[in-house]
Amino acid sequence: MSRPSSEEMVLIFRGTHQVMSAEKHLKKGGVAMRLIPVPRRLTSDCGLAIRIPAGLQAKARKVLSAVKLLPKSAHRLLNQGEYETVPF
Amino acid sequence: MSPRSTTPRDFVYLDNAATSLPKAVGVADAVRAALLRAGNPGRSAHVLSIRSARDLFAARERLAGFFGSADSSRFVFTENATTALNIAIKGILRPGDHVVTTSVEHNSVMRPLRRMEEGGCRITVVPAGRDGVVDAKAVLSAIRKDTRLVAVVHASNVSGAIQPVGEIVRGARRLGAFTLVDAAQTAGGLPIHLGDLPADMLAAPGHKGLLGPQGTGFLYVREGVPLAPLIEGGTGSRSEEDHQPDFYPDALESGTQNSVGLAGLAVSLSWLLRKGADNIRKKEMGLIAELIEGMERIRGVTVFGPKDTAKCVSVLSFLVEGMDPAETGRRLEKGFGILVRAGLHCSPNSHRTLGTFPEGTVRLSPGPFTTRKEIALLLRALRKISASRR
Ligand SMILES: Cc1ncc(COP(=O)(O)O)c(C=O)c1O
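Heads up: the sequence lines are chains A and B, in that order. Remember, my numbering sits 244 above the position in the first sequence when you count from 1. Remember, my numbering sits 1 above the position in the second sequence when you count from 1.
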């Protein structure tokens, strides 16, 4: 189930600490990622979210579940700025 | 840059138990740099807010590293040890609960406990011996079925006496009570590993032995300890909810955090991680040994506490016979530029235990940057002050 790597996935966490911690582990685990402002239509949780290429989801899941830091929710960016909530 | 570059040069500073000076190398620069670019940590998503959030994260991660915990989210920042102790005590106790504590606690433990007593809690204060050390068995035998909390200081801020917290914490845990350790005088100067010391909560300032700026401190809360927040409010998370988040650290960390001070603490913690608490302890205990040896030879000077470097931290109380401790402190400052603390040190019961209530004592507390030369200066000054008495 490989998606084109240009597809983006947004990961939402509970708080800023969890975002920072997830960032640390993803970087250590070699998962390309970026911090982004949480898209307003997704949630008003803490101001930051993590964006990864959708193709790295499996790798990211492995890294984050090992440190019990699974995101609260995951979303795939569709064409017109819409998000689809997806299982992580 | 020399480690002493931030110390006022004209003084010999022996009051590190109140707050450390100088701070670790680089702390002042880090605070200044952080202040000049400080956004609100964890509120916005712009670059300066993120940088401040990273300052908090770095400090938290280093705290977890320094104290041997795998989960930095359980380290909640506070402005000092007092706030941390209040959060712990007021968050865990319910009306009717019983608490066991000791006669060598700081007012930052005793006063919140007395407040809770007014609200229906009951308190047993286990007395320490004349050496300032409490007997672990006596503490454990005071635990009852309804004992919710055992609160104990790791080392006295008056006598420096290290308390048997390991035995107390493990025993209390077996008996079903939560434990709170006041590590105000041990964090930084005495190795603490939360894997070996299974305390439910541990409170410490960032501005004493951790060599960080004032306005920093923390409460560690082990996972599963049911603590109600003392302060509720904005956390930057779950903004759509009226209710306080229940996850850490947000559950106990409302309001804009001191990212500027914590940037400094992050730097001092790196320094401490490089040095190691055991090396700092070795250094400080060398100084305390010289103090004890030198002071015991001065006629008219009485040293209180364990007088054994295996049993104390870098805190030592003394009196010059026939002289008010405040006067001794004044003479040390005016005549010799030596800065110490005189009085009760916010811990009246400790003095009742040592027999030095209500006058208190003069307290000396060398830090990791104190030199042997400074200890020699202090001893020479004390000889003069003591000889000039009558
Ligand atoms: C044993 C002890 N507990 C608590 C405190 C309070 O610390 P803070 O001044 O950081 O609130 C101190 C120091 O003043 C102390 O020595």
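Source of the hints: derived by calculation from the structure; they are not laboratory data. Quick reminder that beta carbons are idealized off the backbone N, C-alpha and C, glycines included. Hints may be right or wrong, so weigh each one.
As the list claims (entries may be wrong) - Going by beta-carbon spacing under 7 Å, a handful of chain B positions derived as facing chain A:
id	residue
1	Pro199
2	Ser238
3	Pro250
Said to hold, decoys possible - Covered by chain A, per the in silico footprint, the following chain B stretches (three or more residues, Cβ under 8 Å):
id	segment
4	33-44
5	48-57
Hints, verified against the model:
Look at Pro199 (chain B): its Cβ only gets to about 20 Å from chain A, farther than 7 Å, so that hint breaks. Contact between Ser238 (chain B) and chain A, as hinted, is supported at the beta carbon level, the nearest pair being about 4 Å apart and thus within 7 Å. With a least beta-carbon distance of about 6 Å to chain A, the hint placing Pro250 (chain B) at the interface is held under the 7 Å criterion. A stretch counts as covered by a chain when three or more of its residues have a beta carbon under 8 Å from one of that chain; for the segment 33-44 of chain B and chain A the count is 3, and the coverage holds.
Counting residues of the segment 48-57 of chain B whose CB falls under 8 Å from any CB of chain A gives 5; the rule of at least 3 is met.
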